[in-house]
Amino acid sequence: MTFLILTPVKRGFKLGCCYLKNKCCTIYDNRPYLICTSFKCKQLTLFLSNEISYDEVMKIINITIVLKDGIERSFLIEFPDIKAQSLNEKMDIFEKYYLALDEPLNFRKRYSHLILDITKLRLISKKYFYKTKT
325 MTFLILTPVK RGFKLGCCYL KNKCCTIYDN RPYLICTSFK CKQLTLFLSN EISYDEVMKI
385 INITIVLKDG IERSFLIEFP DIKAQSLNEK MDIFEKYYLA LDEPLNFRKR YSHLILDITK
445 LRLISKKYFY KTKT
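Read in order, the letters of the sequence shown are residues 325 to 458 in my numbering.
Worth flagging that the hints you see were computed from the coordinates, not collected in a lab. We put the CB at the ideal spot given by N, CA and C, even for glycine. Be a bit skeptical, because a hint or two may be false.
Stated by the list, open to error - As a list, the in silico DSS-like pairs of lysine-lysine whose alpha-carbon atoms are at most 25 angstroms apart:
{"#": "1", "residue 1": "Lys444", "residue 2": "Lys364"}
{"#": "2", "residue 1": "Lys420", "residue 2": "Lys451"}
{"#": "3", "residue 1": "Lys383", "residue 2": "Lys407"}
Claimed, not checked - Label pairs and their in silico Cβ distance ranges:
{"#": "4", "residue 1": "Ile401", "residue 2": "Leu372", "range": "33 to 41 angstroms"}
{"#": "5", "residue 1": "Ser410", "residue 2": "Lys383", "range": "20 to 28 angstroms"}
{"#": "6", "residue 1": "Lys364", "residue 2": "Leu400", "range": "30 to 38 angstroms"}
{"#": "7", "residue 1": "Glu402", "residue 2": "Ser377", "range": "36 to 44 angstroms"}
{"#": "8", "residue 1": "Asp426", "residue 2": "Asp405", "range": "14 to 22 angstroms"}
{"#": "9", "residue 1": "Leu370", "residue 2": "Asp426", "range": "39 to 47 angstroms"}
{"#": "10", "residue 1": "Leu423", "residue 2": "Leu391", "range": "18 to 26 angstroms"}
{"#": "11", "residue 1": "Asn386", "residue 2": "Leu423", "range": "24 to 32 angstroms"}
{"#": "12", "residue 1": "Leu370", "residue 2": "Asp405", "range": "35 to 43 angstroms"}
{"#": "13", "residue 1": "Met382", "residue 2": "Asp405", "range": "32 to 40 angstroms"}
{"#": "14", "residue 1": "Lys383", "residue 2": "Glu427", "range": "38 to 46 angstroms"}
{"#": "15", "residue 1": "Tyr378", "residue 2": "Ser410", "range": "25 to 33 angstroms"}
{"#": "16", "residue 1": "Leu447", "residue 2": "Leu425", "range": "22 to 30 angstroms"}
Work the whole structure out from these sequences, hints included.
Given below as structure tokens:
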């Protein structure tokens with residue numbers, strides 16, 4: 325993971341969007357253009373204003389990537405039939421499925437690691453990457 329200086333005005337972290345698949349935008353025809361071109365996550369905003377160090381940002385990003393990759397691997401192995409474009413969609417489908425079960429206890433025990441990782445990823449994303457409303 326590296327910090328990129330594209331031009332003196334455009335700077336950012338090389339971190340893939342959840343809608344990128346095989347280096348292509350899966351929502352290109354319906355993408356929120358202004359968001360895609362001007363969005364700066366909470367971490368980038370803090371970094372650019374010198375409120376957080378490069379090392380701190382990289383630690384958070386690396387933890388997030390490891391967690392995300394682990395969830396993706398679990399879905400590929402345990403639930404290959406989930407057909408969704410983004411990880412968020414896969415997590416939503418997974419959560420709706422297990423919450424709808426009449427007897428979810430065995431399911432929750434079997435997939436507790438995945439349920440916990442999904443919860444951690446959502447909390448990390450909310451805390452560190454989503455912008456707070458002003």
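Outcome of the hint check:
This hinted pair checks out: Lys444 and Lys364 have alpha carbons roughly 22 angstroms apart, not beyond 25 angstroms. Distance check on the hinted pair: Lys420 and Lys451 sit about 23 angstroms apart at the alpha-carbon level, within 25 angstroms; holds. Between Lys383 and Lys407, the direct Cα distance comes to roughly 31 angstroms. Violation of the 25 angstroms bound is thereby established for this hinted pair. A hinted range of 33 to 41 angstroms for the beta carbons of Ile401 and Leu372 is consistent with their spacing of about 39 angstroms.
Distance hint check: the CB atoms of Ser410 and Lys383 are about 25 angstroms apart, consistent with the given range 20 to 28 angstroms. In this structure the hint that Lys364 and Leu400 lie 30 to 38 angstroms apart at CB holds, the actual value being about 31 angstroms. In this structure the supplied range 36 to 44 angstroms holds for Glu402 paired with Ser377, their Cβ-Cβ distance being about 37 angstroms. Between Asp426 and Asp405 the beta carbons are some 21 angstroms apart, a value that agrees with the proposed interval 14 to 22 angstroms.
Restraint check, Leu370 to Asp426: a C-beta distance of roughly 45 angstroms satisfies the suggested window 39 to 47 angstroms. Our hint of 18 to 26 angstroms for Leu423 and Leu391 holds, since their Cβ atoms are close to 21 angstroms apart. For Asn386 and Leu423, the Cβ-Cβ distance of about 31 angstroms falls inside the hinted range of 24 to 32 angstroms, so the restraint holds. Range check, Leu370 to Asp405: Cβ separation about 40 angstroms, and the 35 to 43 angstroms hint holds.
With their beta carbons about 35 angstroms apart, Met382 and Asp405 fall inside the hinted range of 32 to 40 angstroms. In this structure the supplied range 38 to 46 angstroms holds for Lys383 paired with Glu427, their Cβ-Cβ distance being about 40 angstroms. Separated by about 28 angstroms at the C-beta atoms, Tyr378 and Ser410 satisfy the suggested range of 25 to 33 angstroms. As the Cβ distance of Leu447 to Leu425 is approximately 23 angstroms, the hint placing it in 22 to 30 angstroms holds.
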